[in-house]
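Please take these sequences and the hints and turn them into a complete structure.
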Amino acid sequence: MEGFVFPNEQHVTWTVMIVLYPYITGLVAGAFIVSSLHHVFGLKQLAPIARFSLVSAFVFLLFAPLPLLNHLGRPDRALNILITPNFRSAMSGFGFIYALYAIILVLEIWFDFRADIVRRYEAASGLARRVYRVVLLGATYRDERTDRLDKKVVKTLAGVGIPVALILHGYVGFLFGSIKANPWWSTPLMFIIFIFSAIVSGIAVLTFLYLFVTWNRRLTRNQATVDTLARFLWGFMMVAVVLELMEVLSLAYEQTEEWSVLRELITGRLWVSYVVLQLLTCSLGPFLLLSAVALLKLPLRISNLLVFLSSVLLLTQVLLMRWNVVIGGQILSKSYRGFTSYLPGLFEREGLVVAAVIVIVPFLLLREFDKRFPFFPVPAREEPS
Amino acid sequence: MSTTSPGQAGPPTRYVRRVFLLVGVALVAAALLQRAARPATWGELGNYRTAGLTAILATEPVHLGKEGCARCHAEIFGLHEKDFHFDVECEDCHTPGREHVRFHDRFPTGGDPALAALASMPKEYTREGCLFCHRRLGARPRAFAQIEPAEHYAFLGVNDPQTRCIACHSPHEPIFLLAEVKRARIHPVIHECIHCHDTKPEGDYTQVDSHPAMFVCSDCHEGIVEDFESRKHSFMRCTACHLYHPENEDSGRILVNGNRRFCLLCHEDAPFRTGAKQPLVDSKAHLEMIADALELDAAELAADPRACLRCHLDKIHGDVVRK
Amino acid sequence: MRPTNEDDLSRRRFLRITLAGVGGVPAATLFLSTQSKDLFPPPPTDLDDLGRFEWGFLVDTTRCIGCGSCVRACQKENGVPDGYYRTWVERYEVDKDGEVHVDSPDGAIASFQTDLLPRETRNKAFFVPKLCNHCRSSACTQVCPVGATFDTPDGVVLIDKDRCVGCGYCVQACPYGCRYIDERTGTADKCTLCYHRLHRGMTTACAEACPREARICGDLRAPKSRLRQVLRERRYGLLKPDLGTRPKCYYVGLDPEVV
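Chains as they are written, first to last, in my numbering: chain A, 1 to 385; chain B, 1001 to 1323; chain C, 2001 to 2259.
Among the hints, erroneous ones may be present.
With a cut-off of at most 30 Å between alpha-carbon atoms, the simulated DSSO-like pairs for lysine-lysine come out as follows [to be verified]:
no.	chain 1	residue 1	chain 2	residue 2
1	B	Lys1232	B	Lys1315
2	A	Lys297	A	Lys151
3	C	Lys2076	B	Lys1066
4	C	Lys2161	A	Lys180
5	B	Lys1066	C	Lys2224
6	A	Lys44	A	Lys371
7	C	Lys2240	A	Lys180
8	C	Lys2161	C	Lys2076
9	A	Lys152	A	Lys371
10	B	Lys1284	B	Lys1232
11	C	Lys2240	C	Lys2124
12	C	Lys2076	B	Lys1123
13	A	Lys44	A	Lys152
14	C	Lys2096	C	Lys2240
15	A	Lys151	A	Lys44
The hints are simulated quantities; they were obtained by calculation from the structure and are not laboratory data.
Now the structure itself:
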């Protein structure tokens, strides 16, 4: 504690769980946008990872409410938000937006995988066959015509899903940006920043996974895909970081009453996590690396390595950004006269171990999915890709 | 090879409709479920549960208020009301009394001692308790009575730092009993601002400190003050005995003091006093001795609040003082 | 005071509401399971009457002596958990360079022990008691996602602890630091303006405990109430009025240093 904080502010209410929540939702929205770039905007280069990104979005979506539930004082009452919503509250939209998005995503995955499941159904027997039948809702037939129909539905759902994905994440930014009591949060730019950082984190996680998996399994990688991902990562991260800087710049330039304490926050408590790590290391770093990849003619190995490194740095950047927003806003006292402090414990309910589990489990789930429906089929197999 | 129903031109595409119908049905079911899950009394007064309001409304209070205490402790309450502490609630020092009253209402002749112990209230406040209000702090309004304990004890020749305030000050009737009219004015004659201040105070008028010092006691009571200055107690200020002009105009008063208890605050012989600064006396023995020597009615003398002044008035004021 | 036919209708409705509502409230009492008849006046049964009041609060900072009686009384009256405060007292000391030093050790539950600044450098010093402002447009009511925080018809902001999910959004939204999560129940908590006392004709525990009349709770609709009287006579300020929360807690002698 430093300076004067209101007596009730000595306990930070929103913990690392609330840092993870916008982080994971950001991955959901970002990954979905990547899949839509293929389905809706027809970016052929992204075809190899379109399906992968769709399932990633779904897996992360499953885990987005988990940190929230773990944080609630009364998780048993979580459904109250659907039963007795207060529509004057920005937060009350969560249940509805989340449900809508989940429906769209499940439907899109169902239509996207339908043809494959039908094939499995035909090959299977016994219990598996019955399970496939239930999953298919009894629609166990396919031909070119239904394939075309499925694709069309997928494309429509992907199109509808883009605004919903943006709303899902923009809404998370709005949750913070609309808190007028907190000068570090209260800015209309907040939800735009959240949308762009979500897209950055989504592209970054897919780039990271695609490069990691192809290296790990020694698969032939579609270089056009990597290049496109790198190009989009470069573009979106520039917008995201410039918006983040513009927000602080406008606060600094306006020189309002709150700026003096915000300046202290930035140069004091948040110096390492915000200035050194988020801005200098994880924003400037990948910007330089991706600029080099885009502008210089580097050997393929080197440039892919740089892209990989950038994706890791940008994933960290977005996590740091969430931390600096969520925690930074809370360690700043509403008395504007002091700061409290927060570091999560290791083994407590809302501690680092639980946080790590919540982040890692979706990746394991993705791997499990991959075992059943391989995202990156080995070329040796006779199935057409 | 795909399975197609015989007799159909192409594969049926109704499954698309079926899927969306399923979603629609699920949504309608969810909406109905949501309605059914609403708690009782929801939405009657607003977007909330009326029972949430009535539950708080029906919560029982914990603090009684001093009138509640007065039901049984009328005598102390009577004293307290005349005392300068009249605005201090009994429960501020004695803790909330609900369970205490409950117990004695139910068992007028004394019930289970274990329960009685639970229902008993602290009789005295600790020294720290008095200092909550009376420790000298820079932020305290200056006219409020406050002391630095060490300084206060040194001034009074108290050598035991653990001495409690109640060794001298009775919390229910401290030194200055208020006049019958509790909220008497500053002075019997001079009681309105304009009697002294014919000009506006500089600065904030709510701060008595910012008022110009328009008069001192000697302006009117020159003889008395001059006489006082020549006597033993000249190191004290008039206001030590005669409070005037407290910080807020509606609780001020002026007193002709001489209260024995006030004298004994400094002069009573007590184990915690050194007596290096002032003569000490065992008041009870002293008064008995006087009554005996002068053949006075001992009971009458012991009851006289101004007994000290009968002999020692010359230490304070001379003949100028009435009686 | 709105005798209309419409009113009669709603009165009947509220009567029904009342009967449904007041039932099983567990009174945590030591000796009697039933409430003593004469110890406290009963709570009102007709909720329609609530709308006749509009509760407000006044803090006279020039009178506060920082004794902390209010904090202690509140803690006992409402069973506030240790380390959290429904009301607290802040101390402001301004030095000769105009720099402001503020503290509130444990909410001033044990008053203050020593001065912040030495006498020579202290230019000005005073206490400011704080509590929930019971805003007319309260940010906490607005953000509660489940309707657990609500504004009563008589202008008090309350929490339905049986509906609260403990998300903490209201804690973030309150500009005054008046809210906290009660770890015992996992739900949000804050000052109720002693709602259970007001409607029994008693004042709040803190106002009653104040030995200096620095706190006054009263009905803003009653022109003759002490609250209205002081508001007519004294200049007062509001905390963070620019946030548009329209607080109903008025501060006499408020300095711009106080936020």
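Evaluated hints:
1. Lys1232/B - Lys1315/B: At roughly 5 Å apart (the allowed maximum being 30 Å), Lys1315/B and Lys1232/B satisfy the hint.
2. Lys297/A - Lys151/A: This hinted pair is violated, its Cα atoms lying about 38 Å apart.
3. Lys2076/C - Lys1066/B: Distance of about 16 Å is within 30 Å: holds.
4. Lys2161/C - Lys180/A: holds (25 Å)
5. Lys1066/B - Lys2224/C: Holds, at roughly 24 Å.
6. Lys44/A - Lys371/A: Measuring from Cα to Cα gives roughly 25 Å; hence the hint holds.
7. Lys2240/C - Lys180/A: Within the cut-off at roughly 11 Å; holds.
8. Lys2161/C - Lys2076/C: holds (19 Å)
9. Lys152/A - Lys371/A: holds (27 Å)
10. Lys1284/B - Lys1232/B: holds (24 Å)
11. Lys2240/C - Lys2124/C: Roughly 22 Å between the alpha carbons, so the hint for Lys2240/C and Lys2124/C holds.
12. Lys2076/C - Lys1123/B: Roughly 18 Å between the alpha carbons, so the hint for Lys2076/C and Lys1123/B holds.
13. Lys44/A - Lys152/A: holds (16 Å)
14. Lys2096/C - Lys2240/C: Roughly 26 Å between the alpha carbons, so the hint for Lys2096/C and Lys2240/C holds.
15. Lys151/A - Lys44/A: Between Lys151/A and Lys44/A the Cα gap is close to 15 Å, so the pair holds against 30 Å.
Against the hints set out earlier in the document, a violation occurs for number 2 only.
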